[in-house]
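> Chains as they are written, first to last, in our numbering: chain F, 1 to 183; chain U, 1 to 328.
None of these hints come from the bench; they were simulated from the model. Heads up, the beta-carbon is just placed ideally off N, CA and C, and yes, glycines get one too.
Some chain U residues close to chain F (C-beta under 8 Å, calculated; not the full set): (1) F123; (2) G129; (3) V132; (4) I136; (5) V148; (6) M158; (7) I159.
Below, a list of computed lysine to any residue pairs in the SDA-like style, where the Cα atoms sit at most 25 Å apart: (8) K310(U) - L156(F); (9) K13(U) - E2(F); (10) K145(U) - M74(F); (11) K145(U) - F70(F); (12) K310(U) - L152(F); (13) K13(U) - L46(F); (14) K13(U) - D116(U); (15) K145(U) - N25(F); (16) K310(U) - V150(F); (17) K13(U) - M1(F); (18) K62(U) - G19(U); (19) K310(U) - F58(F); (20) K145(U) - M73(F); (21) K310(U) - S149(F); (22) K310(U) - A155(F); (23) K310(U) - I157(F); (24) K310(U) - V71(F); (25) K145(U) - A156(U); (26) K310(U) - R164(F); (27) K310(U) - V64(F); (28) K13(U) - A42(F).
What follows is each chain in one-letter form.
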Amino acid sequence: MEQAFFLLLAAVAVTAALLVVLARNPIHSALALVACLVQIAALYVLLGAPFLAVIQIFVYVGAVMVLFLFVIMMLDVRKEAQVRFLRGPLLPGLVVLAVLAGEMIALLLHSTRLHAVMGPGQPVLEQPSVADLSLLLFQEYLLPFEVASVILLVALIGAVVLAREDGASAAKAARKEPRGAAR
Amino acid sequence: MDSLLTLLPMLVKMAIVVGVLLLLPLPLTWMERKIAAHIQQRPGPMRVGWHGLLQPLADALKLLTKEDHIPADADRRLFAMAPVVALVPPFLVFTAIPFGTPVQLFGQEVTLMISDMNVGLLFILAVSGIGVFGTILAGWSSNSKYAVLGSLRSIAQMISYEIPMGFSVIGVVMLAQSMNLSQIVAAQEGLWNIVLQPIGFFVFFVAGLAEAQRIPFDLPEAEGDLGAGYHTEYSGIRFSLFMLAEYLVVVMLAALNVLLFFGGWNGAPPFVPEPVWFLLKVGFFVWVFMWFRFTFPRYRYDQLMTIGWKVLLPLSLLNILVSGLWML
Numbered sequence: 001m002e003q004a005f006f007l008l009l010a011a012v013a014v015t016a017a018l019l020v021v022l023a024r025n026p027i028h029s030a031l032a033l034v035a036c037l038v039q040i041a042a043l044y045v046l047l048g049a050p051f052l053a054v055i056q057i058f059v060y061v062g063a064v065m066v067l068f069l070f071v072i073m074m075l076d077v078r079k080e081a082q083v084r085f086l087r088g089p090l091l092p093g094l095v096v097l098a099v100l101a102g103e104m105i106a107l108l109l110h111s112t113r114l115h116a117v118m119g120p121g122q123p124v125l126e127q128p129s130v131a132d133l134s135l136l137l138f139q140e141y142l143l144p145f146e147v148a149s150v151i152l153l154v155a156l157i158g159a160v161v162l163a164r165e166d167g168a169s170a171a172k173a174a175r176k177e178p179r180g181a182a183r
Numbered sequence: 001m002d003s004l005l006t007l008l009p010m011l012v013k014m015a016i017v018v019g020v021l022l023l024l025p026l027p028l029t030w031m032e033r034k035i036a037a038h039i040q041q042r043p044g045p046m047r048v049g050w051h052g053l054l055q056p057l058a059d060a061l062k063l064l065t066k067e068d069h070i071p072a073d074a075d076r077r078l079f080a081m082a083p084v085v086a087l088v089p090p091f092l093v094f095t096a097i098p099f100g101t102p103v104q105l106f107g108q109e110v111t112l113m114i115s116d117m118n119v120g121l122l123f124i125l126a127v128s129g130i131g132v133f134g135t136i137l138a139g140w141s142s143n144s145k146y147a148v149l150g151s152l153r154s155i156a157q158m159i160s161y162e163i164p165m166g167f168s169v170i171g172v173v174m175l176a177q178s179m180n181l182s183q184i185v186a187a188q189e190g191l192w193n194i195v196l197q198p199i200g201f202f203v204f205f206v207a208g209l210a211e212a213q214r215i216p217f218d219l220p221e222a223e224g225d226l227g228a229g230y231h232t233e234y235s236g237i238r239f240s241l242f243m244l245a246e247y248l249v250v251v252m253l254a255a256l257n258v259l260l261f262f263g264g265w266n267g268a269p270p271f272v273p274e275p276v277w278f279l280l281k282v283g284f285f286v287w288v289f290m291w292f293r294f295t296f297p298r299y300r301y302d303q304l305m306t307i308g309w310k311v312l313l314p315l316s317l318l319n320i321l322v323s324g325l326w327m328l
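So that you can see chain U by itself, here it is in the shape it has in the complex:
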């Protein structure tokens, strides 16, 4: 009974996080299509509901009722596994993301995160690195040229950009003297890290775009040259799981940008609760990611590698050096 009482808040938090994350892509797809439309000076979806607000529901229903097609020569088990494997890491990451300082609820102190790990930041980087397995499995098991090419590209890209991404947060860790995300946020109470770590932010942001495989780094699913990349052969519900995973990665990266460089829930205006302020900032970064998508052209593959190894990696190392000297 006693253990149940301690478990209950945890279970409630998990249920809320999972529920919100599962529903989040619905408004996000609408947002993405509307932003795209307005950037291109057209109205976008308008027919289903007010200003197309119910369009995502219609799309979801369409995807759910479509034929579930598996190619003849595919590795059927891996083909079925791949979307799930792609979906697990983004959900797992949110166990370590804090949404605010602990609050008092029913006379108990409730932390606004599922697990307060002392290696939280490292955990997030490690788990988001596993996300590439879904892409690899999807590409390989489809037994299709385009899918394999897409997943080969995505492997090379993920490996190359994980390194500058990991290095770029070392400056933040040095400033906060901790890898615990709530402590990193607490350390930014006076001054946000963006002021002290502009290079770190730049490297992290660009590497994050590449890790999420968003334009301008969406080579793995470049529709111009690869069909649709690693999920060329997927349809219906399995395809929508990949979509879900991609949106969750975007939200996760936005949250990380806010937590590491933009003070987390610090600096909330009066009468705005901390979690709401934090989520507003996250929303802003999600919007930036979408804005980028319809503003920049896609890089060529060699340019992608050059940016990763010859620009971002030296920059991130330089950032560590400068941070170290400054802290001395």
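Looking at chain F on its own, in the form it has when it is part of the complex:
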């Protein structure tokens, strides 16, 4: 039963992921990505991590993808839609694809470390509670958590600075405009 669900979800996720790359229209790509992320959230539920699944939907589907769509809709989509993802000869792309796939397969088949992580017999808690998760996050993994927050803060400030510079130069350009017109 569980395996059947896994196969279904995985198949849809891979199909959606392929659509992200192959679709000509950026909006269609973004929607395929949404479908893919929802499937992955469902996989988290199968793995017994409902909190992670809900956060995945909350953050990635509900916020990140909505912003993606916002940006795509602001761009001139009709022109972009004509450009294919892979232009020119396909050979280099296929070579890279083959190398990456080979690496992944080698990793899955031969890596001892990976199998140590995934190894069977690890008991999954019946219903891991949110309280357990937060205790782990704020006690055992406090440092990585804080580092991640600081990195996000830096990114946020960086984005604000970039946007402000853009706004200032645009304002300058706007101020120059009437003088040029007067000449």
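Given chain F, put chain U in place with the hints provided.
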């Protein structure tokens, strides 16, 4: 056979919830028109049935028989998908909403909810956030200026108000020590959260109005400047699906307000069953939403953004801080 017996109550509950939700907009449209009419001192629909009670049926028939029009340059597949995408999240949300404490039925304990999730509240917030995709798809696929503007507005609005909405319930979660909705209700047995979390309620209520895109925050479909916003190009049955989704979001928000801040089914008067008491409270909040619609003017777009980011967000953060200090 055994699995069928465990599945059966679940299937019955699902059927009841879906059936009721599908029929609910009929009385709600009548209520909305009557409330609007009485606030504006006119009788409202009176012709079809007693005091216009059958008017929603007539409207539904009219919508079903209208021409299904698709604009020439529309993205046809997405255009057809959008109403369905808009409709799924409101239905999904009701899987996590409890309607009362478990009852004994035929010697079995039956919970009055479809799924008792330990992250129920977060699930509801996350899924209701997906609702915006229907709006986005509708606006974009119609290939019309008004529709695109409407959906751009609605994206910005949803993103801005999701944050204070999420933050405003953290106080409730802190008090109940749980994200499970039945436990949140159980924690309010003595004292309703509205007493302890007035700021949280205010932020949640206002953000909820904005999330439901009701007046005074219905910028995405402002008929004065955008035609009808994102569903300008929709007609007939597809349009009515959008209507259905909007009413369900209103009911969902009313239910959440009751569950989180007004004690859920707690405090029922004697001889009134818990679910009935809960639904009465939900009905009251639905009425409040409709009352607001015909009382307040629409905000300007910059005012909308200011309220979201400069008023509600700091207020919700302050609420978390105060709740934390108080609990220490």
